[in-house]
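Numbering-wise, the sequence shown is residues 1 to 207 according to this note's numbering.
Don't read these hints as lab results, they were simulated from the structure. The beta carbon of each residue, even a glycine, is placed where N, CA and C say it ideally should be. There may be inaccurate statements among the hints.
[Unchecked claim] No more than 25 angstroms apart at the CA atoms, straight line, and that leaves these computed lysine to aspartate or glutamate pairs for DMTMM-like: (1) K100 with D140; (2) K35 with D165; (3) K187 with D146; (4) K62 with D119; (5) K130 with E116; (6) K57 with E30; (7) K135 with D165; (8) K201 with D153; (9) K144 with E116.
[What the hints assert, rightly or not] Label-pair ranges, simulated between beta-carbon atoms: (10) E30 with T183: 45 to 55 angstroms; (11) N170 with G22: 33 to 43 angstroms; (12) S161 with K91: 34 to 44 angstroms; (13) G107 with K190: 42 to 52 angstroms; (14) H73 with A136: 31 to 41 angstroms; (15) G22 with K185: 22 to 32 angstroms; (16) K15 with K187: 53 to 63 angstroms; (17) S161 with A124: 16 to 26 angstroms; (18) M49 with D163: 25 to 35 angstroms; (19) K91 with A124: 18 to 28 angstroms; (20) E21 with N80: 43 to 53 angstroms; (21) F98 with L32: 31 to 41 angstroms; (22) A136 with D110: 46 to 56 angstroms.
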Amino acid sequence: MTRNIDIAGLVVDSKTLLPIEGAGIFGADEKLLGKTDVRGYFKISLSFMADGEMRFKLKIIKKGYNNIMQSEHWGSLPGNTKALMYFGLDKGSGSNSFSKLVNKAIGDLDYHSTLEHFDQIKIARTFDNKLSAAKAGNQDVLVKVDNKFYMVDETGWIVISSDKDSILINKKQLVIADQLNGTIKRKDIKWMTPLNAKNTKFAVYTK
């Protein structure tokens, strides 16, 4: 007796978020499991032994894009498990590639259900792309995206209320947010955090 995992999803361009047709979904043994249609949609099925943990790898390949390898370890689940997986392929260095798994409250695996769950991912990715564009070619700590201000380091961000917020640097230097870019560089930030202080809303540490 075997257990099955049914997986549907979309493969899109990580920058434009437009569908990629003809992307191949391969298993760990390089066996072709399925291909995306003109909508970027795919649906595949994986089989496992009756008992034991479910481990698998998926490799997404499309000429002109960097490949994605996704490794999953799902434990010992019952059969007839459903999931949605979304892959964004990058034409450049591969650093903008992404993957997202949705395995809670999954009903149908048809295209329309798959697209519905993708809407939230699209919102997040659109923001990420705008933030990356704001950070490109500079070492700014304060950036503006969609009329909101953000403090950013190399890996994360904090939204602030305005460019006039007070920021404490290394527990001793107090600056207004719009002075950050002339005071410190993004690459030097160790960590940053909100504060509960009356007149100081955020702290940044470079050492």
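Agreement of K62 and D119 with the hint, judged by alpha carbon distance not exceeding 25 angstroms: The hint holds at about 23 angstroms.
CB-CB spacing for K185 and G22 relative to the 22 to 32 angstroms hint: Violated, at about 43 angstroms.
Pair hint outcome, K130 versus E116 [Cα-Cα no greater than 25 angstroms]: With a Cα-Cα distance of about 22 angstroms, the restraint between K130 and E116 holds, given a limit of 25 angstroms.
E21 versus N80 beta-carbon gap, inside 43 to 53 angstroms or not: violated (29 angstroms)
Outcome for the supplied range 45 to 55 angstroms, where the beta carbon pair is E30 and T183: Cβ of E30 to Cβ of T183: about 52 angstroms, so the range 45 to 55 angstroms holds.
Given hint D165 paired with K35 - CA-CA distance at most 25 angstroms: Given that 25 angstroms is the threshold and the Cα spacing comes to 50 angstroms, the pair is violated.
K187 and K15 - C-beta distance against the hinted 53 to 63 angstroms: Given a distance of about 24 angstroms, which is not inside 53 to 63 angstroms, the answer is violated.
Satisfaction of hint between E116 and K144, Cα-Cα up to 25 angstroms: violated (29 angstroms)
Whether the CB-CB distance between H73 and A136 falls inside 31 to 41 angstroms: holds (35 angstroms)
Supplied distance hint 18 to 28 angstroms, evaluated on CB atoms of K91 and A124: Since K91 and A124 have Cβ atoms about 20 angstroms apart, the given range 18 to 28 angstroms holds.
Pairwise hint evaluation, D153 against K201, where the allowed Cα distance is 25 angstroms at most: holds (17 angstroms)
Pairwise beta carbon distance, G107 to K190, judged against the given window 42 to 52 angstroms: At roughly 45 angstroms between Cβ atoms, K190 and G107 fall inside 42 to 52 angstroms, so the hint holds.
Of the numbered hints listed earlier, those contradicted by the structure are 1, 2, 9, 11, 15, 16, 18, 20, 21 and 22.
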